[in-house]
Amino acid sequence: MSRVSFVRKVKYEKELQRDVAAEVIATPGGEKILSCLQCGTCGGACPLSVYMDHTPRRLIGMLREGFKQEVVESFAIWLCASCYECTVLCPAGIKVTDVMYALKRIAIHEGIYPRRFPIPVLAKEFMEMLKGTGRNNEFWLVLRVLLKTAPMKLLTSWPLGLRLWRRGRMCLIGSRIPKPAGADLRRMLEVLEHGNASDVKPSNVTPSQGPDLLPGGAVSRVNA
Amino acid sequence: MNGNGNKSVKIGVYVCHCGTNIAGKVDVKALAESAAGLPGVVVSREYKYMCSDPGQDLIVKDTKQFGLNRIVVASCSPHLHELTFRKTTANAGENPYLFHLVNIREHVSWVSDDPAAATEKAKALVKAAVARVFWHQELQPRRVPVNPSVLIVGGGIAGIHAALTLASAGKPVYLVERKPSIGGHMAQFDKTFPTLDCAACILTPKMTSVKQQPNIHLMTLAEVSEVSGFVGNFKVKVKRYPRYIDEAKCVGCGECIEMCVYKEGKYPNDFDLGLGKRKPIYMPFPQAVPPVPLIDPATCIEFKSHKCPKGCVEVCGDRDAIDFSQTVKEVELEVGTIIMATGFKTFEPRRLPQYGYGKFPNVYTSLEVERLVNASGPTLGQVVLRDGRRPEAIGILHCIGSRDENTNRYCSRVCCMYSLKLAHLLKEKTGAHVYNFYIDMRTPGKGFEEFYKRVLEDGVSFIRGKVAGVTTWAQSPAEEGKLILRVEDTLLGVVRRIPVDMVVLSVAMEAQADAENVRRLFNLGCSAEGWFLERHPKLAPVDTFTDGIFLAGCCQGPKDIPDTVAQAGAAAAQSMSLIDKGYVEMEPNTAWIEEELCSGCHVCVAMCPYTAIHFDADKKVAVLNEALCKGCGTCVAACPSGAAQQNLFRDEQLFAEVEGVLV
Amino acid sequence: MASTRAYTYFPGCCMHGFARHCQDSLYAVFEDLGLELRVLPEWNCCGATTYMSVDEHQAFALAARNLALAEQIGLEILAPCTACFMILKKAQDYLARYPEIRAKVDRALSAIGLRYQGTARIYHPLEILLRDVGLKGLKARVKQPLRGLNVAPYYGCLIARPYALSNGVTLEAFDQFIPALGANLVDFELKAHCCGGSLTGTIEDVGRRLVYILLRQAKRAKADVMVTVCPLCQLNLEAHQGKIQRQYGEDVTIPIPYFTQLIGMALGLSDKSLALEKLLVPIRWQPVEKGAAAAQPATAA
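Chains as they are written, first to last, in my numbering: chain A, 15 to 238; chain B, 485 to 1147; chain C, 8 to 308.
Careful: at least some of the hints might be erroneous.
[As the list claims (entries may be wrong)] Listed next, the in silico DSS-like pairs over lysine-lysine satisfying Cα-Cα at most 27 angstroms (straight line):
hint	chain 1	residue 1	chain 2	residue 2
1	B	K571	B	K607
2	B	K761	B	K791
3	B	K930	B	K843
4	B	K750	B	K788
5	B	K571	B	K1022
6	B	K750	B	K690
7	B	K966	C	K226
8	B	K930	B	K829
9	B	K571	B	K548
10	C	K226	A	K162
11	B	K966	C	K229
12	C	K226	B	K843
13	C	K229	B	K843
14	C	K250	A	K167
Just so you know, these hints were derived from the structure itself, not from any lab.
Required output: the full structure, derived from the provided sequences and hints.
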């Protein structure tokens, strides 16, 4: 070894933001994180934990202690495939999958994710497509996500698309909800946006640095 | 005694602060002041601790000074201090029943967030008590003799220890055990933690003593079917199931077992949890007490087809102990006290399918492994897997069915220690590498932490993390044919896959499957998990809410052998304290019947659960036998003409109390 | 079958796209068994597993709108996509459990003249087949027993967790449709192990590794085909076999029929009506005479 570098790893109380736990606790399914025993069943059960920077157990432990930065910036929350294995097994009854969703929402709202990272972009595009047609068309969805995140990938992805298209499994003109019903749907979603904007206490989390994801910037927030 | 108007009523009211327990919520000053204005109240005070000596002296002094003849104390639950203040009242020279207690702690301050509302409620309750106590009368407690016989239900180590303690003090004991032998779970264990003494070596001498002790009447294959009566005078019915071998005639030579048409054991042996086989005629285990075999009619050919050559009968010969004609018998016992020692059952790990119990043959429960390491067990102490292999790696999984919202929320208290013990024994016997997977290590007993150290020094792996599941799908040749444990090593911060040959599930202790029925039978309280409820978790840990019934061992909650034995001793002592006193004082809350008001309708006669009421055919009225009355109040509520009345719950008293609360 | 039972059919978005063959075979099998599927008019996307990452109340409202529409019709809902199945059930559960979500969703629905009551009953078509046709009924209708075909059942996550099992239905009970078709049931331990879901499209390496684990294990268990009940699992498992083979240097080729395709084959329905040609990895099953064993495993995709 040619050189040893020393990294100070101490964490000071003043760096912590305990309100992030309160935010997750207020989310349906997140209320039990305070009874976590740190047994690691979630991390042991998770098919993706071997890829995670922090296992779900560590995320919950850090949440409790207010390590907001580490939690929200964690790559692990994007790896969760919502298979619900942890949720079913958790001896403390924590709905871990819902906790992961809550963390994704916080990260998306605050714009904390790697640039050109496909999962938040996928979520946003998915949402916009739904507001337009009421239904999702995977061809256009994938195309839009790839264009925004990794246009070069179109080159490697086309063979699969072609194979599906040949077999009649690719629909270029998506199925859509009838027009009046589509208007209804948008109206319904709007009610929730405005409803949330008016009757939900603003959270004391630092303001969003990322792009506004919903028209008008009214992202639904969990009650702080 | 029934009149009230002879003497003018002078009431003293005493409000207790109970430190801040009451005064923190209830405005005690205002409460005392409001009570001072109530009719009949001569003096009203508040004081920091009424139950303290100076507090009680206040009452005595006031009674002398103001000529009080009724006392009301507003403090805590009557469970705690009703008796205290009755004695105070007696010390002050008044009849103890001229006193009434108001509970403004458990019923008011502890259950309210609103000081104003709490104070209002306390005022109403005190007003009711003042109105009620006006009608109180002088009463004398009843004395009932205590039968010196004791019934002990359950013949595990708790029941055995309590039985021997009582019997050696000369008390007659009926020990009722459901299984064919006493010994319970302890008889199934191999070694005991933390000293590693052999369970059988320390238990079997006690089992034999039970057999030899003339004061103990042992009934195995028996269950209590009915309980009636009350402290000092219980009547109990016991069902005795047939053994098909006469215990009085059998000498336990075991030749009948040899001569059975089955040359080898064929049916799973309960005692070995199915790991060993037995014949239709068998001894549950070599040191069984009574040392008498039994016949299982479900598997015996004679019972099934009546075509058996009956080698057993032939070899028994003139002793003639085998009796296929035995049937269920019911016997009736009279006892003064009862000790419940019904034990526990182990958690059924099939409820957690992720651990593969029942699917993978080499996943065992901890109790099965006790039999496997035991020299008299099905493998004669050789630890071999179901396929005959010797394990090279063993995983012991803690908290299976404990500390889990999906099964039981409580900690079973003993699993950490028995897992350490099994880790030690398995390592010693097989040389395998042993892993312990734990959430928290709990070793708080005498010598326990030292034992943990010892097992650490044995080189056993301790991984802090709950195994998420047991699988067999291999990712590498090293995992081929193994049971694979996936776990997050929470201390090292890595996810691990650990291949082992044998998995031991450290299963929880649970209340017996029929605890609910037994609870009803004996009129006991029960926690949500099914454990029998002690009268007070700290100060009355072996008493129950039914006088004369005591708890010992795991029926009250998970505990280890030392605690079980200690509790069994305590239960025996409590029982003895009643027996040696010779009598119990009963509340003078008996009913009586006003002859002039009785219309002779018979309703009460039929309804009395204690047959304390009979019908006088000459006078055409119901007559109540005060000695048999338990004060349940059924007749009082049922009587259509108001002829049935009850001490401490007279109509005037109740109406006054209701009016006091409402008006 | 003489009497026709009808269900409200909630197709879900993928049934119009990459899972068209799943829908084709579903219709074919249900029609053959005398069960009628009536598409829920004006249905919208259930929100999938994605919408929840952005807005939970809107996600629950999306599901609730479908449930409210279905409640007006009153028939049992049948959702062949396990994500739709789970999300509709989860919405129902949370709307019952959390009054604050319920209040918000109720308000949004009332703005468009809908009322959610929570009375809808949601099923996966496999549950319905096992309940309303039954194993005996299915067996009786098999014209072309899949004798000798080794079938590994694969359910994925969302039908196994967290809701289906709470109804007392076990995956082991589900498995039994395979022997009912005359095929051999392969004991497949990973039947509810995650296939990676949308990760195959977003974090490909990780997603493919999860698919690889499943394919490899199915091959090792000597399965000829792996049958799925989820359209996304179906796509994941078949679409990446070539890349996985190149990456791991291991033959993982195995046909991944949707369960109604397999059932349809045993019922003797035509390949065309079951859209077998739409599979990326062709399933080549030749009916064998009784007594003759050994299926003909499919070759490369």
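Each hint, compared with the structure:
no. : hint             : result
1   : B/K571 / B/K607  : 25 angstroms, holds
2   : B/K761 / B/K791  : 23 angstroms, holds
3   : B/K930 / B/K843  : 38 angstroms, violated
4   : B/K750 / B/K788  : 16 angstroms, holds
5   : B/K571 / B/K1022 : 24 angstroms, holds
6   : B/K750 / B/K690  : 31 angstroms, violated
7   : B/K966 / C/K226  : 19 angstroms, holds
8   : B/K930 / B/K829  : 25 angstroms, holds
9   : B/K571 / B/K548  : 15 angstroms, holds
10  : C/K226 / A/K162  : 38 angstroms, violated
11  : B/K966 / C/K229  : 19 angstroms, holds
12  : C/K226 / B/K843  : 22 angstroms, holds
13  : C/K229 / B/K843  : 20 angstroms, holds
14  : C/K250 / A/K167  : 15 angstroms, holds
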